[in-house]
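Student: Following the hints, position chain B against chain A.
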Amino acid sequence: MNHSDTKQGIGASVKRTEDARLVNGQGTYLADLDIPGTLEAAFIRSPVAHARLGAVKVPSEYSNQVFLAADLDFAHPIVAATDDPQFQSTKQFALAKDKVRFVGEMIAVCIAPTRAQAEDIAQSCELELDELPALWDMDVATAPDALLIHEHWRDNIYLKTDVSVGDLERARKDATVSLSKSLSMGRHGAVPLECRGVLAHRDRRLNELTVYSSTQFPHVLRTCISRAIDLPESQVRVIAPDVGGGFGAKGNFSPEELTIAALAMKLDQPIRWIEDRRENLIASPHAREHRYDVTVHANNDGLILGIEAMIRVDAGAYSVWPWTAAMEAGMVVGILPGPYHVPAYAAKSQSICTNKTPMGPYRGVGRTGACFAMDVMLDAVARELHLDPADVRLLNLIKPEDMPYQSITGKQYDSGDYPEAARKALAAIDIGAIRSRQAAGEKDDRLIGFGMSSYTEQTAHGTAEWVSRGLPVVFGYEPALARLTPDGKLILHVGIQNHGQGLETTLAQVASEELGIAVADVVVRHGDSSVSPYGMGTFGSRSMTMAGGAVSVACGQLADKVKRIGAHLLQTTADAGTLSDGRVHTETASVALNEVAEAATLHPERLPEGEEPGLDISAVYEPKRSTGAFSYATHACVMAVDPGTGEMEILDYVVVHDCGRMVNPMIVEAQVVGGVAQGLGTALYEEILYDENGQPLSSTFLDYMIPGCAEVPDVRMLHMETPSPHTKYGIKGLGEGGAISPPAAVVNALNDALKSLGAEITQTPVTPLRVLEAIESGAVSPL
Amino acid sequence: MKQSVSLTVNDRPVEATVESRLSLADFLRLELRLTATHLGCEHGVCGACTVLINGEPARSCIALTVSLGGDEITTLEGLADDPAMQVIKQAFHDKHGLQCGFCTPGMLISTRDLLKRTPRPSEGAVRDGLSGNLCRCTGYQGIVRAVLKAAEDLAAS
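Chains as they are written, first to last, in our numbering: chain A, 1 to 783; chain B, 1 to 157.
The shape of chain A in the complex, shown without the other chains (with noise of 0.2 angstroms):
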């Protein structure tokens, strides 16, 4: 690849190093390591959703390639609890014991030299369920003489909670209008385009079992390891591989994963397990399924008075470490009033167990959710008092001003100007033009319809904010290990996972701040648990600001031996050298790095006195105050839609977006931009159907749509920069931001269009049969 650009640090738009090895076929994904001897698996999942698990019939040509729970009783089982002593908590044995609970549960692993021999054996098991009744919806697994899913619970619910703060009362008693409203945002997945996979084997050599794993954290995933099988961390060795998208639903400690390390661990086998399409779509962790009950009270203007909110999440039949099931309603109840000042707020929740997949953490976490509640409420109140819904939200937006804003959920929202965003996305999209062209109609009878949404995204999470989780793991901190080689080269060490982000770029940017070092001079080593200092892994929004923060402390450390020695080769005063273009300038000569590099490791007699060899500087980073950073936009998009057939069509999408100080613009827009398609997928396509026996009916991907090229418009993006007062740089996270407002933005868009028929959109993913369905509802005859 060519590289062309001469400034390479913080805010420069570097193309990207790990293109030239992805462009040439040459990524190594799980399913490309070549590891002699291995055997590929296959699982044997349950076909029904809630049975008593009898015998499994195994042939006994294939005694010896199948194994059940009781082989791996050496396992504990995973188990993910908050430290809430309400929460109900879930035992997940590697492979089913006694009991199945939704369709895709492993009963049995298979192992052959071949997938598809493996998948033959599988194929050979008799299996006996004594089936029970499925609860296969939240409102079935509540039912008050509901079966209950794991029998020693008191309902089939993980978790309630129930806050209230500000003066409620008044709230309603000075409303205007007090708006309720039933929503709805389907269940879907993650679905990286890589599925996940596992291939674990033991190194005779180290005696350490060395787990390959498609997965977004490779030393929590250690840990793991090591607990549920019983070996000590230093004899196990995970290596994330080249990650083909993960989007949350890697970043779990799986079943899978513990099965395979623990059968290759028994067995001294090589053993692979390769997730297919199918599988991934029913036994991968799911995504959202959310339902509202939300009152809205306001005065005349629009401005909100209080909320209260009842929120229900479908989380499935376990809980996934170390999220916990009760993970999307909890920030759910955290982040709903959103970017707004809401002076009274009440929110219950309940987590929901049912006989369905496990729910996980998918970009946008609970809050692609909270937004669509919040905004398509919003637009509602607007309606209803004859407003236009812009308006609205600009008289509710929290002001610069306020800022530092303490939301009445207690997050500290830490910088910005909402309203500004806002506005300068009604600009861009062209309010003014936009009604003109409503009042005028369409040639084609199609409707228009304007809608926007707004959020405030908490990202690079710290301490403060994972201890008030209560989960298993406090994810507060990132370290880097900064190496200069004797050539002069730098090489950084990162706990984080780079699976499309683009950190092996932006990392070696920040070091390039940093020492004035090409980025092309730069190796970024990361997902492997052997080559850098402890760390948590990608989620969250919080690789930049986190491993940007080690980078960027471990490289300022460095750069100032760099000057001391190199002054020194100068024969200079030690505090005169700056660094740029790869050398250590003084006012009247200049030193290359791998002078200075030389020096300190092969030449330490060229040293000054007292200057220690070597050029490895080991940092940690933690934000300044560890209650995040928050990133925050405007979507706004223009929807055509036809009432006679329900079709859509979106005619322009533009996001107005602020993630602080933008260390590469171009992967920032590109950051965004992917983000918005995924929540347009939420928005439009995206959904996991379940009949009454709890089948899941979307396993392929003929019928679970993602939204492909001709679906997804040229988004348009401006972006604003106001940097934190807490994170190195300013940088705030960005990773999930566009996946949270498009299906709010969507809907209200889809509302303004359909707002001449009375008909009105709560639910999502809004497909076209759906649109006609409100219309038919609606208070007036589209004919």
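These are calculated hints, taken from the structure and not from any lab test.
Keep in mind it's a predicted model, so treat the numbers as computed, not measured.
Derived CB-CB ranges, DEER-like: (1) Asp82(B) <-> Thr578(A): 43 to 49 angstroms; (2) Glu233(A) <-> Ile62(B): 42 to 48 angstroms; (3) Arg117(B) <-> Gln695(A): 40 to 46 angstroms; (4) Asp301(A) <-> His43(B): 49 to 55 angstroms; (5) Asp82(B) <-> His603(A): 45 to 51 angstroms; (6) Pro665(A) <-> Arg117(B): 30 to 36 angstroms; (7) Asp301(A) <-> Glu123(B): 39 to 45 angstroms; (8) Ser122(B) <-> Asp162(A): 54 to 60 angstroms; (9) Glu233(A) <-> Arg117(B): 51 to 57 angstroms.
Looking from chain B toward chain A, a few residues come up when the C-beta cut is under 7 angstroms (computed): (10) Thr35; (11) Gly40; (12) Cys41; (13) His43; (14) Leu76; (15) Glu77; (16) Lys89; (17) Leu98; (18) Gln99; (19) Cys100; (20) Cys103; (21) Ser131.
Where is the CB? At the ideal position from N, CA and C, for every residue including glycine.
Tutor: Coordinates of chain B only, in the frame set by chain A:
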């Protein structure tokens, strides 16, 4: 059941005896270790496994190896020296047309075919032309820009 088959892969003649159910994708990946061809769905929808069969793009996950006797297969590895592909790869790099890289080989092969058939496509034609290749990361914007740039660069060269 195994069957013998003779075919050409990346200009090299290949003789093999394989299970009749073995897909071309598995044959390329497992037997020939050509791992640029990726498997995203294994049911012919996502396009990550796109290769050329006799010069035409095809889903290698739903093509059976034994049915391809005498055919010429080209994978991304086989296009390393193809001048058009080099321009396309550079454009994907320049316009940030990839993130995790998993869909990229299939996307590149489909792009090459699209630009062969339609040397100066409109944005809409690019979006329609690549609608058989799914990408979960980019939102397609970088990909569309890359394809338009590649078209421009190929026209200029």
